[in-house]
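Trainee: Sequence:
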Amino acid sequence: MASKNNLYMFSSITFAIMLVKLFVMVRQSVAIGSNIAQSLKKSNDLLKCENGLGVKCGDDIYQNVFEIGNEVSKECCDRLLIVGKDCHDLLTELTIVYKRFTMKEAREIWHKNDKVWEQCENIGSAPNPEKSNQLIKCENGLGKKCGHSIYHHVFEFGKDISEECCSRLKNVGKDCHDLLTEVTIVYKRLSMKRAKEVWKQNDIAWEECNTVE
Numbered sequence: 001m002a003s004k005n006n007l008y009m010f011s012s013i014t015f016a017i018m019l020v021k022l023f024v025m026v027r028q029s030v031a032i033g034s035n036i037a038q039s040l041k042k043s044n045d046l047l048k049c050e051n052g053l054g055v056k057c058g059d060d061i062y063q064n065v066f067e068i069g070n071e072v073s074k075e076c077c078d079r080l081l082i083v084g085k086d087c088h089d090l091l092t093e094l095t096i097v098y099k100r101f102t103m104k105e106a107r108e109i110w111h112k113n114d115k116v117w118e119q120c121e122n123i124g125s126a127p128n129p130e131k132s133n134q135l136i137k138c139e140n141g142l143g144k145k146c147g148h149s150i151y152h153h154v155f156e157f158g159k160d161i162s163e164e165c166c167s168r169l170k171n172v173g174k175d176c177h178d179l180l181t182e183v184t185i186v187y188k189r190l191s192m193k194r195a196k197e198v199w200k201q202n203d204i205a206w207e208e209c210n211t212v213e
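All letters in the sequence shown, in the order written, are residues 1 to 213 by full-length UniProt numbering.
It should be emphasised that the hints constitute simulated quantities derived from the structure, not laboratory data.
Note that the structure is a prediction, hence the values are computed from the model and not measured.
The beta carbon of each residue, even a glycine, is placed where N, CA and C say it ideally should be.
Be a bit skeptical, because a hint or two may be false.
[Unchecked claim] Ranges between beta-carbon positions, derived for each pair:
#, residue 1, residue 2, range
1, 122, 162, 33 to 39 Å
2, 71, 152, 38 to 44 Å
3, 158, 133, 26 to 32 Å
4, 162, 187, 22 to 28 Å
5, 196, 133, 25 to 31 Å
6, 143, 45, 18 to 24 Å
7, 197, 52, 22 to 28 Å
8, 204, 67, 44 to 50 Å
9, 160, 67, 47 to 53 Å
10, 158, 100, 41 to 47 Å
11, 67, 207, 48 to 54 Å
[To be verified] Taking lysine to aspartate or glutamate and the EDC-like style, the derived pairs with C-alpha atoms no more than 16 Å apart in a straight line are:
#, residue 1, residue 2
12, 85, 139
13, 188, 78
14, 144, 164
15, 174, 207
16, 112, 67
17, 174, 208
18, 115, 67
19, 159, 121
20, 193, 182
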């Protein structure tokens, strides 16, 4: 949340301002600059991490790592485990640099950072590795272009799916099609009503593609 200088919840505009400040810091300090430069290269990963946690859980985890908050909820622990330890560490790293904590403060923060992760491993539900591997295979099978096309058709009622993308969809199979839809529904936290609409469109897309020779 920008009001708390919380990198877990930066808007794209605030994030851009942060990058400018970090760039200035790079020029001012060679020692700090090395770490910042590495972090800047991960800017796309940072946005994915923030989006994966969401505002509510980002704030929850921030409070526990940088301030004195209540124990992280199971829901937020689940989200943290899904985005992974690298995301957790990256968000903490950039916040430490951005807020210019002292070495002593940083050590205490990293200790709390690891403690939160350990607590979440104990109370959260780790993602199913088999499902995660299957998801990657499905995404790779569709490819970026067709993945976007099918997403827009299913979730945004976009234009018809091309023959090429229908062919790719049939090759990966219905299980893949359903898995990609399921994960997106959960990730976007759609309402029950909206999810029913999406599932209906999901099945329509599959049926339409199977009429294409």
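Trainee: Within a Cα-Cα threshold of 16 Å, do residue 112 and residue 67 meet the stated pairing?
Mentor: holds (10 Å)
Trainee: If you check the beta carbons of residue 160 and residue 67, does the distance land in 47 to 53 Å?
Mentor: Holds, since residue 160 and residue 67 (Cβ atoms, about 51 Å apart) stay within the stated range.
Trainee: Should the hint that residue 67 and residue 207 are 48 to 54 Å apart at their CB atoms be regarded as holding?
Mentor: Given about 52 Å between the Cβ atoms, the range holds.
Trainee: Residue 115 and residue 67 were given as a pair; does the straight-line alpha-carbon distance stay at or below 16 Å?
Mentor: holds (13 Å)
Trainee: Please check whether residue 204 and residue 67 have a Cβ separation lying inside 44 to 50 Å.
Mentor: Given about 48 Å between the Cβ atoms, the range holds.
Trainee: Does 41 to 47 Å hold as the CB distance between residue 158 and residue 100, or does it fail?
Mentor: holds (45 Å)
Trainee: Given the hint of 22 to 28 Å, is the C-beta distance from residue 197 to residue 52 inside that range or not?
Mentor: holds (24 Å)
Trainee: Please verify whether residue 85 and residue 139 have alpha carbons no more than 16 Å apart.
Mentor: Roughly 23 Å separates the two Cα atoms, so the pair is violated.
Trainee: Under the criterion that the straight-line Cα-Cα distance not exceed 16 Å, is the pair residue 193, residue 182 satisfied?
Mentor: holds (14 Å)
Trainee: Quickly compare the C-alpha distance for residue 144 and residue 164 to 16 Å and report which way the hint goes.
Mentor: holds (13 Å)
Trainee: When you check the alpha-carbon spacing of residue 174 and residue 208, does it fall within 16 Å?
Mentor: It holds: about 13 Å lies between the C-alpha atoms, which stays within 16 Å.
Trainee: Is it true that the C-beta distance of residue 143 to residue 45 lies inside 18 to 24 Å, as the hint says?
Mentor: Check passed, 21 Å falls within 18 to 24 Å.
The structure shown violates the earlier hints numbered 1, 12, 19.
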